[in-house]
Amino acid sequence: AQKVIQVWSTTSRQEGEKLTLDCSYKTSQVLYHLFWYKHLLSGEMVLLIRQMPSTIAIERSGRYSVVFQKSRKSISLVISTLQPDDSGKYFCALWELGTGYQNFYFGKGTSLTVIP
Amino acid sequence: EAAVTQSPRNKVAVTGGKVTLSCNQTNNHNNMYWYRQDTGHGLRLIHYSYGAGSTEKGDIPDGYKASRPSQENFSLILELATPSQTSVYFCASGGTANTEVFFGKGTRLTVV
Numbered sequence: 001a002q003k004v005i006q007v008w009s010t011t012s013r014q015e016g017e018k019l020t021l022d023c024s025y026k027t028s029q030v031l032y033h034l035f036w037y038k039h040l041l042s043g044e045m046v047l048l049i050r051q052m053p054s055t056i057a058i059e060r061s062g063r064y065s066v067v068f069q070k071s072r073k074s075i076s077l078v079i080s081t082l083q084p085d086d087s088g089k090y091f092c093a094l095w096e097l098g099t100g101y102q103n104f105y106f107g108k109g110t111s112l113t114v115i116p
Numbered sequence: 001e002a003a004v005t006q007s008p009r010n011k012v013a014v015t016g017g018k019v020t021l022s023c024n025q026t027n028n029h030n031n032m033y034w035y036r037q038d039t040g041h042g043l044r045l046i047h048y049s050y051g052a053g054s055t056e057k058g059d060i061p062d063g064y065k066a067s068r069p070s071q072e073n074f075s076l077i078l079e080l081a082t083p084s085q086t087s088v089y090f091c092a093s094g095g096t097a098n099t100e101v102f103f104g105k106g107t108r109l110t111v112v
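In the order they appear, the protein sequences are chains A and B. In terms of my numbering, the first sequence opens at residue 1 and continues consecutively. In terms of my numbering, the second sequence opens at residue 1 and continues consecutively.
Only chain B is shown next, with the shape it has when bound in the complex:
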């Protein structure tokens, strides 16, 4: 069964600290995505990747970096976390045709 696993599921970070959100998929999908979901904004694309070694900027990349070291893993990195980055983050993976995209269960990040 297709699976996308995010870790951690919940995280409290301090302002100015570094945060890494991890995502692992067992779908052998080329495409992976990081979104944040905020009430009133829906899901907004932060970074995405077409395969190992590739990262692309999405619609709201400022303050975030991404890393795709392998087909299975895609990380989202906040080098200097800020309270405005408090949100729920979703990772997703999709095949080349993207006839379906599978989501992780989300990571709730609170920056204090």
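Looking at chain A on its own, in the form it has when it is part of the complex:
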């Protein structure tokens, strides 16, 4: 069963707009973390945001923030004031610690093009 539900999509926006990327997850574990990564054209996977459900703080990093709804198991990435450099692929990820295992699960990603 899919652990991270991020439907593959491609989208384009104008520079300066705000964008929200949706992601939901499934876990029955107590200990888990959530991540948003960006896949650059260079091949690098860059960590944008890490959200720990055990904290009430909502993570922000520059123009990136999340809308985290723990009860709904949903974490959306918000990118404010889009810039052409924001173009790339964005992935939502879940890390969970189970009995005798721990693993990362990724959503299918969103490909974003920002039009100058």
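One should not assume that every hint holds.
To be verified - The calculated label-pair distances, taken between Cβ atoms and stated as ranges, are:
hint : chain 1 : residue 1 : chain 2 : residue 2 : range
1    : B       : V12       : A       : S9        : 24 to 34 Å
2    : A       : K18       : B       : P83       : 37 to 47 Å
3    : A       : S71       : B       : R108      : 38 to 48 Å
4    : A       : I5        : B       : V12       : 32 to 42 Å
5    : B       : S67       : A       : S111      : 27 to 37 Å
6    : A       : K70       : B       : T20       : 41 to 51 Å
7    : B       : P61       : A       : T11       : 30 to 40 Å
8    : A       : L41       : B       : T5        : 31 to 41 Å
9    : A       : K26       : B       : E79       : 27 to 37 Å
As the list claims (entries may be wrong) - Using 25 Å as the maximum straight-line C-alpha spacing, the simulated PhoX-like pairs for lysine-lysine come out as follows:
hint : chain 1 : residue 1 : chain 2 : residue 2
10   : B       : K65       : A       : K3
11   : A       : K73       : A       : K3
12   : B       : K105      : B       : K18
13   : A       : K3        : A       : K89
14   : A       : K26       : A       : K89
15   : B       : K105      : A       : K89
16   : A       : K18       : A       : K89
17   : B       : K57       : B       : K105
18   : B       : K11       : A       : K89
19   : B       : K57       : A       : K3
20   : A       : K26       : B       : K57
21   : B       : K11       : B       : K65
22   : A       : K70       : A       : K18
23   : B       : K65       : B       : K18
Hint data in this document are derived by calculation from the structure and do not stem from the laboratory. The C-beta atom is built at its ideal place from N, Cα and C for all residues, glycine as well.
Please build the complex by placing chain B on the supplied structure of chain A, with the hints as guidance.
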């Protein structure tokens, strides 16, 4: 600075040939992962390891083997490469708490 290095970065292989993708990390992380990324599928876990000598099957292990001879190195082996294994492969490492996972820059493999 944490680093995960993959080699080669690009590889063209023939069908039926053997391919080895290498990954080295200097983070002293216990956990290492191999993923493949295909458009529309995101990153899918092939094999992972909790430490030297251990390998575990991920979600799509068929056609792949893994080897973790040391803390630093984790290899992905395609004994008999097939065109369906054409993809971009990512190696990653993470500490026990996995509060952050570091990725290599990817290997683009084309099987012809």
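Hints versus structure:
Taking the beta carbon of each, V12 (chain B) and S9 (chain A) are about 30 Å apart, inside 24 to 34 Å as hinted. Restraint check, K18 (chain A) to P83 (chain B): a C-beta distance of roughly 41 Å satisfies the suggested window 37 to 47 Å. Taking the beta carbon of each, S71 (chain A) and R108 (chain B) are about 41 Å apart, inside 38 to 48 Å as hinted. For I5 (chain A) and V12 (chain B), the hinted distance range of 32 to 42 Å is satisfied, since their beta carbons lie about 35 Å from each other.
The beta-carbon spacing between S67 (chain B) and S111 (chain A), approximately 33 Å, falls within the hinted interval of 27 to 37 Å. The hint said 41 to 51 Å for the Cβ distance between K70 (chain A) and T20 (chain B), and at roughly 42 Å that hint holds. Distance hint check for P61 (chain B) and T11 (chain A): the Cβ-Cβ separation is about 32 Å, which falls inside the suggested range of 30 to 40 Å. Between L41 (chain A) and T5 (chain B) the beta carbons are some 19 Å apart, a value that contradicts the proposed interval 31 to 41 Å.
As the Cβ distance of K26 (chain A) to E79 (chain B) is approximately 34 Å, the hint placing it in 27 to 37 Å holds. For the suggested pair K65 (chain B) and K3 (chain A), the alpha carbons sit about 24 Å apart, so the restraint of at most 25 Å is met. A C-alpha spacing of about 11 Å is found between K73 (chain A) and K3 (chain A), which places the hinted pair at or below 25 Å, so the restraint holds. For the hint pairing K105 (chain B) with K18 (chain B), the CA-to-CA distance comes to about 22 Å; that is within 25 Å, so the pair holds.
With a CA separation close to 19 Å, the supplied pair K3 (chain A) and K89 (chain A) stays within the 25 Å bound. For the suggested pair K26 (chain A) and K89 (chain A), the alpha carbons sit about 22 Å apart, so the restraint of at most 25 Å is met. Taking the CA atoms of K105 (chain B) and K89 (chain A), the gap is about 14 Å. The hint holds against a cut of 25 Å. Distance hint between K18 (chain A) and K89 (chain A) is fulfilled; the C-alpha atoms sit about 16 Å from each other, no more than 25 Å.
Taken as a hint, the K57 (chain B) and K105 (chain B) pair is honoured in the structure, with Cα atoms around 22 Å apart against an allowance of 25 Å. Among the hinted pairs, K11 (chain B) with K89 (chain A) is consistent with the structure: their alpha-carbon atoms are about 23 Å apart, no more than 25 Å. Among the hinted pairs, K57 (chain B) with K3 (chain A) is consistent with the structure: their alpha-carbon atoms are about 17 Å apart, no more than 25 Å. Pair hint K26 (chain A) plus K57 (chain B) holds up; C-alpha atoms about 21 Å apart against a cutoff of 25 Å.
A hinted pair counts as satisfied when its Cα atoms are at most 25 Å apart, and K11 (chain B) with K65 (chain B) qualifies at roughly 18 Å. A hinted pair counts as satisfied when its Cα atoms are at most 25 Å apart, and K70 (chain A) with K18 (chain A) qualifies at roughly 23 Å. Distance restraint check for K65 (chain B) and K18 (chain B): the Cα-Cα separation of roughly 11 Å lies within the 25 Å cut-off, and the hinted pair is therefore satisfied.
Violated hint for the displayed structure: number 8, the only one.
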